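Number of protein chains: 2
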Amino acid sequence: MSLLSKQVGEYLEKASWIRKMFEAGAELKQQFGPENVFDFSLGNPDLPPPRAVKTALEELAARLDQPLTLGYMPNAGLPGARKALAGFLSREQEVELGPGDLVITCGAAGGINALFRALFEAGDQVVCPAPYFVEYGFYAENFQGRLVPVKCKPITFELDLGALEAAISPRTRVVLINSPNNPSGRVYSREELKKLVDIIQRKSLEQGRPIFLVADEPYRFLVYDQVQVPSLMAMYDYAIVVSSFSKSLSIAGERVGYVAVNPRMPEKQELINGITLTNRILGFVNAPVIGQILMEKALNSCVDQRVYQQRRQAMADVLEEAGVEFSMPGGGFYFFPQAPGGDDQVFTRKLFEQKVLVVPGTGFGYPGFVRLAFCVSEEIIRRSGQAIKRAVQGI
Amino acid sequence: MSLLSKQVGEYLEKASWIRKMFEAGAELKQQFGPENVFDFSLGNPDLPPPRAVKTALEELAARLDQPLTLGYMPNAGLPGARKALAGFLSREQEVELGPGDLVITCGAAGGINALFRALFEAGDQVVCPAPYFVEYGFYAENFQGRLVPVKCKPITFELDLGALEAAISPRTRVVLINSPNNPSGRVYSREELKKLVDIIQRKSLEQGRPIFLVADEPYRFLVYDQVQVPSLMAMYDYAIVVSSFSKSLSIAGERVGYVAVNPRMPEKQELINGITLTNRILGFVNAPVIGQILMEKALNSCVDQRVYQQRRQAMADVLEEAGVEFSMPGGGFYFFPQAPGGDDQVFTRKLFEQKVLVVPGTGFGYPGFVRLAFCVSEEIIRRSGQAIKRAVQGI
Chain A
1 MSLLSKQVGE YLEKASWIRK MFEAGAELKQ QFGPENVFDF SLGNPDLPPP RAVKTALEEL
61 AARLDQPLTL GYMPNAGLPG ARKALAGFLS REQEVELGPG DLVITCGAAG GINALFRALF
121 EAGDQVVCPA PYFVEYGFYA ENFQGRLVPV KCKPITFELD LGALEAAISP RTRVVLINSP
181 NNPSGRVYSR EELKKLVDII QRKSLEQGRP IFLVADEPYR FLVYDQVQVP SLMAMYDYAI
241 VVSSFSKSLS IAGERVGYVA VNPRMPEKQE LINGITLTNR ILGFVNAPVI GQILMEKALN
301 SCVDQRVYQQ RRQAMADVLE EAGVEFSMPG GGFYFFPQAP GGDDQVFTRK LFEQKVLVVP
361 GTGFGYPGFV RLAFCVSEEI IRRSGQAIKR AVQGI
Chain B
1 MSLLSKQVGE YLEKASWIRK MFEAGAELKQ QFGPENVFDF SLGNPDLPPP RAVKTALEEL
61 AARLDQPLTL GYMPNAGLPG ARKALAGFLS REQEVELGPG DLVITCGAAG GINALFRALF
121 EAGDQVVCPA PYFVEYGFYA ENFQGRLVPV KCKPITFELD LGALEAAISP RTRVVLINSP
181 NNPSGRVYSR EELKKLVDII QRKSLEQGRP IFLVADEPYR FLVYDQVQVP SLMAMYDYAI
241 VVSSFSKSLS IAGERVGYVA VNPRMPEKQE LINGITLTNR ILGFVNAPVI GQILMEKALN
301 SCVDQRVYQQ RRQAMADVLE EAGVEFSMPG GGFYFFPQAP GGDDQVFTRK LFEQKVLVVP
361 GTGFGYPGFV RLAFCVSEEI IRRSGQAIKR AVQGI
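So the protein lines, in turn, are chains A and B.
Numbering-wise (the numbering used here), the first sequence opens with residue 1 and increments by one.
Numbering-wise (the numbering used here), the second sequence opens with residue 1 and increments by one.
By construction, these hints were calculated from the structure, which means they are not laboratory data.
There may be inaccurate statements among the hints.
Stated by the list, open to error - Below, computed lysine-lysine pairings styled on BS3-like, alpha-carbon distance capped at 27 Å:
(1) B/Lys268 to A/Lys20
(2) A/Lys297 to B/Lys297
(3) A/Lys203 to B/Lys6
(4) A/Lys83 to B/Lys20
Only a predicted model underlies this, so the values are computations on that prediction, with no experimental measurement involved.
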């Protein structure tokens with residue numbers, strides 16, 4: 001008999017094949033040397049943090065003898081960090097946010113969990129365009145909610161507005177989008193977002209309560225070819241922005257992000273109070289203090305985006321050369337090409353045989369495609385070309 | 001109409017009087033100067049972190065240019081930190097733990113939440129001696145569980161074993177103890193813990209499944225007068241130890257703790273896999289990386305316990321002089337004296353009028369007593385004597 005809850009036991013069973021793939025990948029690296037395995041499976045930023053992070057850490061070490069430097073703080077975050085972040089977001093989101101309009105959280109993941117905990121009754125639903133970040137489903141189910149994925153149109157991954165509208169039910173509390181998207185790289189345009197907002201507003205009116213539009217935006221800083229990520233707060237009063245500094249500052253392990261509530265939302269204070277409470281009682285208590293200090297000091301810094309720009313070009317060259325069909329990502333550091341032959345798990349296996357590690361689209365609610373993360377050196381990307389070509393030819 | 005879930009809305013309503021008290025305390029400080037307010041309400045360690053923490057932070061800053069230094073890691077924690085912690089716990093808990101027997105978590109609070117998420121079906125119960133850390137109730141309810149408090153015997157706060165036995169039902173998954181106890185300062189003796197284990201073993205047998213004994217031990221490092229905190233792992237196969245470095249290293253804001261599973265538990269691997277997964281999907285992902293690095297380097301260090309020892313004596317003198325009845329705390333940094341007149345909220349108000357801030361025992365499931373935290377200078381403690389005396393005389 002299992003000691004775990006039925007649901008968690010089932011999660012572990014389902015997860016086992018992914019785990020096996022990672023273990024097999026680690027074995028490959030041990031056997032052939034890590035430089036001979038082309039690992040595109042992980043979105044773990046490999047660029048060093050910007051200089052400002054290092055400076056902030058040195059300054060912090062120098063004043064560590066002052067009592068309470070690393071002590072508890074208000075659950076919503078260090079007042080100075082909240083203030084700085086509010087200024088930063090006011091510029092970014094095109095509406096005026098105050099320090100009281102946001103809660104600093106343990107990454108975007110912690111933020112979404114705190115938000116869902118604050119909102120959900122059992123059976124509440126989250127409508128989400130697919131492909132989507134695979135963890136969203138767990139976040140909803142942690143609090144007896146349920147994710148309702150709605151496929152975007154292949155192969156451009158634009159929103160299927162008709163299908164989204166049809167998926168919104170009286171149990172829908174949240175529509176959750178992620179742009180630039182992991183895994184597709186798609187950045188939703190102002191036009192399609194406006195149409196989405198129209199739908200959500202109409203449905204909210206019909207149902208007599210607001211449906212939240214939640215934007216998870218950790219890749220906002222990383223867009224290409226003058227692509228713009230539109231501000232949802234400027235479009236919709238019930239917009240909530242969740243994000244993290246994992247990618248922009250290369251501090252993914254330190255877990256710093258935030259939930260920002262649209263200052264135009266009439267009930268914003270109640271919602272902020274709720275998230276501050278759930279952030280506490282879920283055991284986060286507050287976002288890690290050192291991460292908050294680094295974030296405040298490095299808020300206007302960023303990893304070198306040109307490196308990602310060059311890698312993106314390299315990956316595009318490699319995929320084109322291999323004859324794989326794909327949409328050029330507008331942002332983020334992922335490609336999501338079509339699996340030749342149509343079966344993402346077969347293609348993943350063929351790639352694995354060539355020592356190329358990717359994640360099948362099935363894991364993102366979008367079979368028939370695979371995800372390649374380009375958080376690896378341009379040299380590795382270029383060198384993978386022959387291996388990917390062989391995998392395609394082997395289908 | 002509230003935007004929040006019914007439960008979270010109710011939490012906020014109930015919390016409001018505590019919040020008002022804190023706000024009133026902050027106002028007092030602003031009006032009379034913080035040095036003229038005797039704030040014993042918060043358990044926020046005011047001693048600077050030990051030297052090793054500072055050194056570790058300096059070393060980290062120096063190697064920050066290396067990619068992935070602050071990147072993602074295995075969800076259970078940095079391999080080196082897990083290994084060091086396993087060695088540390090093997091000495092402390094008197095059983096041999098390996099790195100795979102523990103998960104590094106976002107404080108003890110994050111650890112308990114990950115554990116409950118892994119175990120609970122709706123309606124599962126946590127039996128817990130009162131007084132207890134007030135957040136436990138929320139942690140259980142986050143995952144549809146319920147806390148079942150069982151009062152300890154006044155005024156020594158020894159376990160009421162008969163009442164604990166009677167409280168264990170077929171829905172009991174966990175018995176949760178906290179020793180040294182917040183707020184009572186009580187350290188449970190080996191003898192009473194052995195009796196408790198006997199009861200839990202018998203009940204587990206009756207019910208055909210193991211009941212976990214979970215020990216939350218963040219104050220283990222801080223005991224007085226040669227008091228010993230017995231190892232539960234040596235006593236019971238289904239013991240789980242949860243703790244944090246918030247107090248021992250004065251890094252409460254950075255959120256580093258752990259869940260350690262008894263290596264003698266037959267299903268330990270399943271449980272560790274479950275907690276590793278729930279730690280991820282609850283949005284912690286992994287404990288903050290900088291905190292993990294500091295913890296590993298400072299594992300054998302500790303804040304200066306003699307300072308707490310002296311403050312404890314000062315607080316005992318003050319309370320005795322004021323004619324308040326109390327048990328001398330065996331560990332931790334709290335006193336939990338009886339409220340003269342019997343009403344903790346009246347006494348709290350009387351103290352407040354004298355600019356002395358405490359927390360009423362009602363908040364810890366134990367009315368009739370109040371909690372004083374001695375995380376403040378000895379001088380403030382001594383100076384509070386007259387004010388406390390006046391409050392007692394005013395009852």
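Consistency of the hints with the structure:
1. Of the supplied pair hints, the one linking B/Lys268 and A/Lys20 holds, its CA atoms being roughly 20 Å apart against a limit of 27 Å.
2. With a CA separation close to 25 Å, the supplied pair A/Lys297 and B/Lys297 stays within the 27 Å bound.
3. A distance of roughly 22 Å separates the Cα atoms of A/Lys203 and B/Lys6; the hinted pair therefore holds under the 27 Å criterion.
4. Using a Cα cut-off of 27 Å, the hinted pair A/Lys83 and B/Lys20 holds, with the two alpha carbons roughly 23 Å apart.
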